[in-house]
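Participant: One line per chain: the protein sequences are A and B, in this order. All residue numbers for the first sequence refer to this note's numbering, where the first residue is 16 and numbers rise by one. All residue numbers for the second sequence refer to this note's numbering, where the first residue is 11 and numbers rise by one.
Quick caveat, the hints were computed from the structure, so don't treat them as lab data. Since we're looking at a predicted model, the values are computed, not measured. Honestly, I wouldn't trust all of these hints.
[Unchecked claim] Straight line, CA to CA, 27 Å or less: simulated DSSO-like cross-link-like pairs of lysine-lysine:
1) A:Lys143 / A:Lys121
2) A:Lys193 / A:Lys121
3) A:Lys143 / A:Lys153
4) A:Lys153 / B:Lys53
5) B:Lys73 / B:Lys90
6) A:Lys121 / B:Lys53
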Amino acid sequence: MNEQVAKAASVPPAVRRYMQELELQLKQIPGLCPEDALADAREFLMGDYEALQRSGEPPEVDAHYDWIVSQFGDPSQVAEQYSSQALPTPNLREGCAPGWRICCTKCGRSAPYASTGAIRIGARSIHKYVLGGCTNCKSIRWCRVIQDMEKTNLTDQMCDINLTPEQLRRSMHWSVAKMIRNILLLILGIQALVWTLLIFVFKVFG
Amino acid sequence: MSDDGLPMNQGALYPVLRSLERNGLLTSEIEASSSGPPRRYYKPTSAGKAVFEEWIGIWMKTKNWLDGVLEQNHERTSSKGSKRSARGS
Chain A
16 MNEQVAKAAS VPPAVRRYMQ ELELQLKQIP GLCPEDALAD AREFLMGDYE ALQRSGEPPE
76 VDAHYDWIVS QFGDPSQVAE QYSSQALPTP NLREGCAPGW RICCTKCGRS APYASTGAIR
136 IGARSIHKYV LGGCTNCKSI RWCRVIQDME KTNLTDQMCD INLTPEQLRR SMHWSVAKMI
196 RNILLLILGI QALVWTLLIF VFKVFG
Chain B
11 MSDDGLPMNQ GALYPVLRSL ERNGLLTSEI EASSSGPPRR YYKPTSAGKA VFEEWIGIWM
71 KTKNWLDGVL EQNHERTSSK GSKRSARGS
């Protein structure tokens, strides 16, 4: 795979709007990877927009949006079509975690956090990591619990830079090696700062 | 129906491709594009090609059977029509 990350061509507002609506629908379906579905939509919609541009004057935003819906399908219907791919999530009991979603850091498979039986109310953090079993990876993975069920953060990231879903996932999470390296760098930085201060103090007062 | 004759929305194709890939009938690779987002290209695997041949066989059988049924129906309606016109004259 070519790792080249090119800066995105300007994404038309109608495409962005469509992807945002699709993202909100996809996040509601347990067992899906929203990034994959959004990448599919982005690929088709940008190709379609290029064809529209070549054929003549690009349409107005609302007309373009209607054209997209007629060609690619209503966002809710498209999300529903992807739901046939959704893998089951272990549902032990009914949870309550409004706005929270859990996703595997490796494969990106996600689910509303409440659908896994979790309870998370009034938490102030933006995200946290938990260990959990991923049905797709068939392994214990670090899973990210993130408060973005009502946000369109994935679309914004995918529209701003031409990342593949895998690159997007890698950019969102730190690997263990990267975490250790950053901790070591932080310790070294603090030590360097302390030594610099000590030398400065000895030179001035010593 | 879209302009190119596909009897469904384009959005329905992508989940099917993903599903075929998950079942080992297709492989895919992503290639960067200079003009837009990276594009995913699908290729059939050897198992995919075998299943494709099998599906073509099944489809042709179904098509031939349907053609036969429709032809019989057409013959019946046309013979009824000719009898009626004969009675009318």
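Participant: Confirm or reject each hint.
Facilitator: Results of checking the hints against the structure:
Restraint check for A:Lys143 and A:Lys121: satisfied, since their Cα atoms lie roughly 15 Å apart, inside the 27 Å limit. This hinted pair checks out: A:Lys193 and A:Lys121 have alpha carbons roughly 15 Å apart, not beyond 27 Å. A hinted pair counts as satisfied when its Cα atoms are at most 27 Å apart, and A:Lys143 with A:Lys153 qualifies at roughly 21 Å. Among the hinted pairs, A:Lys153 with B:Lys53 is consistent with the structure: their alpha-carbon atoms are about 26 Å apart, no more than 27 Å.
At roughly 26 Å between alpha-carbon atoms, B:Lys73 and B:Lys90 fall within 27 Å of each other, so this suggested pair holds. Distance restraint check for A:Lys121 and B:Lys53: the Cα-Cα separation of roughly 24 Å lies within the 27 Å cut-off, and the hinted pair is therefore satisfied.
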